[in-house]
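Novice: Model the full structure from these sequences, guided by the hints.
Same order as they appear, the protein sequences are chains A, B, C and D.
For what it's worth, our numbering labels the leading residue of the first sequence as 1, then goes sequentially.
For what it's worth, our numbering labels the leading residue of the second sequence as 1, then goes sequentially.
For what it's worth, our numbering labels the leading residue of the third sequence as 1, then goes sequentially.
For what it's worth, our numbering labels the leading residue of the fourth sequence as 1, then goes sequentially.
Don't take each hint at face value.
[Stated by the list, open to error] So, partial list: chain D residues that the calculated Cβ filter (under 7 Å) puts toward chain A:
| hint | residue |
| --- | --- |
| 1 | Met100 |
| 2 | Leu101 |
| 3 | Ser104 |
| 4 | Val122 |
| 5 | Leu343 |
[Claimed, not checked] Reference listing, derived: stretches of chain C covered by chain B, where coverage requires no fewer than 3 residues with Cβ under 8 Å from a Cβ of chain B:
| hint | region |
| --- | --- |
| 6 | 113 to 123 |
| 7 | 254 to 262 |
| 8 | 287 to 297 |
| 9 | 309 to 316 |
| 10 | 335 to 343 |
| 11 | 348 to 355 |
No lab work stands behind these hints: they were computed from the structure.
Don't be surprised by glycine CBs; every beta carbon is placed ideally from N, CA and C.
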Amino acid sequence: MIEQILTASVFASTIRLATPYILAGLGETFSQRSGVLNLGVDGVMLMGAFFAFYTALITGSAVLGVIAALGVGLILGLATAFISVTLKAEQGISGIGIYLFGLGMSELLFQQWIGTPKSVTGFPDIFIPGLSDIEFLGIGEIFFQHNILVYVAFLLIPLSSFVLNHTTLGLMIRAVGQNPQAADAMGVNVTRVRYATVAFCGVMAALAGASLSIALLKVFQQNLTSGLGFIAVALVYFGRWRPYGILAGALLFSFVNAVQLQISAIGLDVPSEFAVMAPYVITIIALVFASKQTEKPTALTRPFERGE
Amino acid sequence: AQDDVFRVAAVAPSATTDLAFSQSMFDALTLIQAEMGEDMFQFDFQDGTFIVDDAAVALREWAASGEYDLVIAHGSQYGTIIQELAPEFPEVSFAWGTDVNTFGLPNVFAYTAAAEQGGFINGAVAASLTESNVIGVVGPIEVGDAKLYVDGFKVGVAFVNADINVLVTYIQSFSDVTLATEAANAHIANGADILTGSAQMVVGPIAVAVEEEALWFGTQSSQADLAATSGVLFQVYRWDVILNDMIASIQGGTLGGESYVLTLENGGLEMQISEAAEMEEEAMEVLQSTIEDYATQIVSGDIVILPEAEATPEPQATEEAGS
Amino acid sequence: MTSQPHRLAWATALLYRAQGILPLAIALLLALIVASALLLALNASPIEAYSSMLRGAFGTENATAETLVKAIPILFVAIGICIAFRGGVTNIGGEGQMIAGAVAGITVTLALAQAPGIVIIPAAIVAAFVVGALYGGIAGFLKAYFNVNEILSTIMLNQVAVQLMNFLLNGPLLDPAEAGANHIPKTARIAEAAELPRLSFVLPEAVAGIFGTADLFGRTRLHYGLVLAVLLAALTYILLWRTIIGYRIRAVGESERAARYAGIHVKRYMVLSMMLAGGFAGLAGIVQVLGLQYRLQTDGSPAGFTGSAGFNGIVAALFGGLNPLGAVPAAIFFGGLLVGAQKMQRDLEVSASLITAINGLIVVFVVSSQIFTRRITRRQQAALRERPPIPEEASA
Amino acid sequence: MTQPINQPVTPAIQQLQMQGIVKRFPGVLAVNQVDFEVRAGEIHALLGENGAGKSTLMKMLYGLYQPDAGRILLNGAPVNIRSPHDAIQQGIGMIHQHFMLVPSLTAAENVALGMRSSRGLVLDTDRVGAQLRELAARYNLKVDPDIPVWQLAVGEQQRVEILRALYRGAALLILDEPTAVLTPQEVDDLFRVLRQMTADGHALIFISHKLHEVLAISQRVTVLRDGQKVATIPTAGATRLKLAEMMVGRPVVLEYERQPVQRGAARLSLHEVSARNDRGHEGLRQVSLRLCSGEIVGVAGVSGNGQRELAQVIAGLRPITGGSIQVDGRPVTTADPAAINALGVSHIPEERMVDGVIKEFTVAENLVLQEHGHPRFTRAGLFMNFRRIGEACREAIKAYEIKTPGGDTPIKNLSGGNIQKLVLARELSRRPQVLIAAQPTRGVDIGATEYIHRRLLAERDRGTAILLISEDLDEILALSDRILVMYEGRIVGEIPREQVNIQQLGALMAGSSPARPGD
Ligand SMILES: Nc1ncnc2c1ncn2[C@@H]1O[C@H](COP(=O)(O)OP(=O)(O)OP(=O)(O)O)[C@@H](O)[C@H]1O
Ligand SMILES: Nc1ncnc2c1ncn2[C@@H]1O[C@H](COP(=O)(O)OP(=O)(O)OP(=O)(O)O)[C@@H](O)[C@H]1O
Ligand SMILES: [Mg+2]
Ligand SMILES: [Mg+2]
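Specialist: What follows is the structure, given as structure tokens:
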């Protein structure tokens, strides 16, 4: 029974599903750590997903696809930064605006430039030599038979954690998110730091989109993410603004999802509504038990005014 | 309408390019226009109105404009709107689906598809092609023509080989491609070498089939291009068949009161073999004949797919529509 | 906006609003200019597009009615959001709470099918408010007592609610007439008596001429939900700024520590704000059912039923300055935007996606313009501060 | 964002001049045609009441504000300081009135913030920490670079700020009210450091309200009033009274005449009360005290030795882990703030802007913070009665000389001194039996301080029992009938007014040993 459900492929599926959440979540973490809430993630993901897909489709190169995604992510990220940092727009609303824009544009361009759903070759799964055929506990299948973006996502976690905690940039980001006035008084350019993190957030969101359209799914369709980006934002709160926290959240959420799919696949008689509901419920419950006081960035959503 | 141009307006919940439900209607109207010619037939189409109230606004405006001979609400969620709207505009003809309920209104057509029929054939053929004896199905919500298709498919499989294991996952969404994809992956992981499914999120599972070199059976629209060499057989909704009947009766002065069902018999359900599927000549011919064979048996009633209660209901004809 | 209503505060508040219009107008203009580029790229005429958008929103009696109809659920949600945000809780759960309210409301409505409307409607509305409040209360409770971030919990609970609805509509609440295997997940139609009456205005001949009808909105779907919403907006304004409870909600929202110092039970009021927000979202849900759809129906997604009012309500509330009275025009603005956009889609036969993109642009531009509005406001406050201070003969 | 120097440099500023500086804020002419000058090796004091423009003038020097008119000359050459970054580059450092530290970061991280690291992109906080220790040793300042600053006492935080400025090689250092939160010993140490710095050739600007400090430390004094410069005079020969009059613009009294104490019945008594502090450590340890009507009991101590917790447990804002509290003999050990209020206990909180008022609320709304539900201010027990509240507000504004455009102004628009007056008005208007006054005049200027002190004495004579918690010894000495000294959560000594001597007090505050807590 249990071994019927907790198969290696379920864990492999968990890893795959977690990837977009990790990528988008890491970007959002940097943005929020510097004090900017970016609710537009899902829209940027969709744009990234589309441009990656379209480029891969016409050039046949997934790599070019990723580059295109990074480009569009950067542009949208800078736009977001301009709106929420320079124009100090209410971040809750502007984020939703950007989401709507991305949702609409990606679909529009899809209809104009592609029309009907097509599939691309995208990134193949890379079997890490030696590791990928470890039979023991299905380690090989679970960890070492994924597409490049999966590996990238998981490598970015320790990297992000290091940048945040052990580099001058990370120090500036944390300071700007906690007490921008103090950071400013110490000669840190608050605006520049926030532009950097928000732009990075856009890039990562776009990459997350690409990880769907040209790696995991290899197709594009209107609203391909169906709200995945919002879950990613939620997982940032789950992870308490720490990269490893994001990892934990993304894995938990994706694991429950993979399990519920497996349960219905092997025909266990669980009403599918409740199966689909499970990841959301369990994520909340987990947080109930995990909750100590959180170290939310003090200046989150607060625009910076010098000398106040 | 005043002039002799036949004007149609339609709303559909998803995009006209969804390779599924909405596209099936859009393709049908486009086809009719090609047949009758631009000067005789024109249509307005509003897609993506998954928000029921948005559809309501469009339908009401079209009805009120008086410019349309037929107003189509392509989505069972629009039934209530039609029920409210039709009595207000008795001179306008409405059609809605998928359902057979005309609410006893003289200016309402209802239409649906006996999806279980194509489902049965897809299932039977799939059963004859599977080597792993495991087949995976990805469905949206366990309702409507999606459920009929899946039920029919299961019966079809069992009809050929009761030992084959059909794995069914309803992901509770018509649009969540990611979930649909992982559901398909789960089926593959559990040994499936053939996949099928219904609704617009099947683009995900199709991509999985292509990737994993599994076979794909489709419904609603042809997904042959996307499924490429994995595609085998598609049940295509030919709404044009019944739309032509409706147009005829409207031009004959009957604005509704009748309901239509796409069946193999009336040609509304068309089984299309994928050209992309790499099959030898004779294999192709064999497949052809088996399909026709099943079709005739279903039409003749020799094969009863689902019990009365679970099958697509018989079309209703109300007395007004009688003569 | 000074938080205590007072003649002067009112005057200035009005002044702010008046001057606030200017940046808003410019922002809209810019948004439309950018959108024009999109339209031209799709070789559609912007002029045509916008005029049809305007016509679709307010051009005809019916268009205006549909705009108002669209605004109703947005307004209900927005009212609740005003309370929640003023109380310091970020409620993103409007969608789920709408669903919770609608499910509860329709259950009661169907149970009381035989009763007269005067009984059913209030009962259904109360049920919807209570259950919406309880559902919102979950997130509030988890925040207050388990420190679970409410943004996370409400986003998650939205999905939970829709799955619960799917389950109920496929089983317990399924329309008996839909017993067939190919059934559609929807409840039975509510009794005629349970329908919210349609709203129309009988005009005297004099005015009738102008509107071209003696019975304004007579043949439209406009219903009494509008009256209820506007009424509640006013009451909520009073609640927030005239009552002890409102004072405490705002105190908790502005400063938890000061509120505790004031002897207010902070956690209790956090939960209360969240519950009120949920309750209003619940009303949005049931009013959609009783006033418009006459049954509850799902396509599996929340938006299919809610029309995303749960999210649009947030935006409307923020546009309205987190003031229930400000939310009224804001909600109507959004209603017009959404309905007009649909019309534009029909007239120009452009795809729905273009509309979504343009709406996004408008939201972004309008919200970005508020920095200029704020600047104007600050200058006005400064002018206010320059008024001579209270003379102090007591000193020296 | 980067900062080349990573070693203390030898000061390069010989002379700095500000000429004809003007700064307007919406509705306020904060600084009006001010000339100011400071030279290497001197301490130039800047005196002025709340809102005189001291901080604003200095913020312009540090690049936080841009002057509307006037110019700044460094060593005779005009400079344009557009941001703190520019100021730092020029060798200007500032210790802000409200410390500019990131609480969640360690001292070392706070210092490293915005500086180039010796390891390129990778942080070198360990090295910074080491260098900090050296620097601290050189100036004989004690800090632990490796604990988050939110865990440091205020005095320690200030040392971190000073070290940071030195570390960054500030040649000119601005200190905005640095002594407001220090004990006598800490002040002495600070002065020693400042003198050492001037000896090293630094130029220092010293802002304070405390005249004797200005007289003790500075060579020159510049007095501002209402944004204008009154005069710059050499400190030698200036007197407290003279300076005070220059500041306030009228004669002021610096000593209060006081009635002999009429000690009455015990109002408040604590028995072995213990409580945790914010960090979860034991902040209060078996504290017992009795407070009688008609007396002012001063609680002296270095900040962070339990005074804050003491006030909070009495007010019901902090749960106690042991012991019992009684008001008029009634146990209130577990009562909530509302109930304790209702028993006639008033509390002037230490952090007025966080606990005492709600910034966004109007003056009137803040006036009824606790009593908003009181029958007097409500209708039908449900609605606020704004007519009554308005009346009460106008009375308070008049009676307590609160400078405000009116009762409907958001309180954040008032100056610190006036906000404190409002809190005082609110707490006294309830005619309390017991008054807890925590740092009642922190950051408040002479005029307001004088006023508040008179009020407190009047309350005492009215028979109120007053617990005066203050880190300002002058205040304690001026008002108290008895003085309790707190150290590490305990009451380590009680001295009747008659027998006080500063040395003994200071020793007790320091845990009766030269070393201070936090070391
Ligand atoms: N008689 C009173 N005298 C003074 N203040 C009162 C009085 N009654 C109520 N209040 C004020 O109302 C607030 C809470 O009092 P109240 O008894 O209404 O609280 P509650 O309703 O029991 O709890 P909650 O604050 O959660 O509503 C406190 O700020 C308290 O100061
Ligand atoms: N950012 C600002 N916006 C508007 N007004 C301001 C601002 N900063 C200061 N002011 C006003 O400028 C005047 C001078 O303020 P400043 O802080 O310089 O006084 P100060 O001498 O430092 O007083 P204190 O002794 O309380 O620190 C005051 O009236 C204050 O209200
Ligand atoms: Mg100052
Ligand atoms: Mg001060």
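Novice: Against each hint, give a clear statement of whether it holds in the structure.
Specialist: Outcome of the hint check:
1. With 7 Å as the threshold, the beta carbon of Met100 (chain D) comes within range of chain A, its nearest partner Cβ sitting at about 4 Å, so the hint holds.
2. Taking 7 Å as the C-beta contact cut-off toward chain A, the hint placing Leu101 (chain D) at the interface holds, the least distance being around 6 Å.
3. Taking 7 Å as the C-beta cut-off, the interface hint given for Ser104 (chain D) holds, the closest approach to chain A being about 5 Å.
4. With 7 Å as the threshold, the beta carbon of Val122 (chain D) comes within range of chain A, its nearest partner Cβ sitting at about 6 Å, so the hint holds.
5. Evaluation of the Leu343 (chain D) hint against chain A yields a violated restraint, the C-beta minimum of about 31 Å exceeding 7 Å.
6. Chain B is given as covering the region 113 to 123 of chain C, and this is violated because 0 residues of the stretch bring a CB closer than 8 Å to a CB of that chain, at least three being needed.
7. Coverage of a stretch by a chain is defined here by at least three residues with a beta carbon nearer than 8 Å to that chain's beta carbons; for the region 254 to 262 of chain C and chain B the count is 0, and the condition is violated.
8. With a threshold of 8 Å between beta carbons, the proposed coverage of the region 287 to 297 of chain C by chain B holds, since 6 of its residues qualify and at least three are required.
9. Counting residues of the region 309 to 316 of chain C whose C-beta lies closer than 8 Å to any C-beta of chain B gives 0; at least three are required, and the coverage claim is violated.
10. Beta-carbon proximity to chain B at under 8 Å applies to 4 residues in the region 335 to 343 of chain C; the threshold of 3 is reached and the given coverage holds.
11. Coverage of the region 348 to 355 of chain C by chain B holds. Counting CB-CB distances below 8 Å, 4 residues qualify, and the rule asks for three or more.
When each numbered hint is compared with the structure, violations occur for hints 5, 6, 7, 9.
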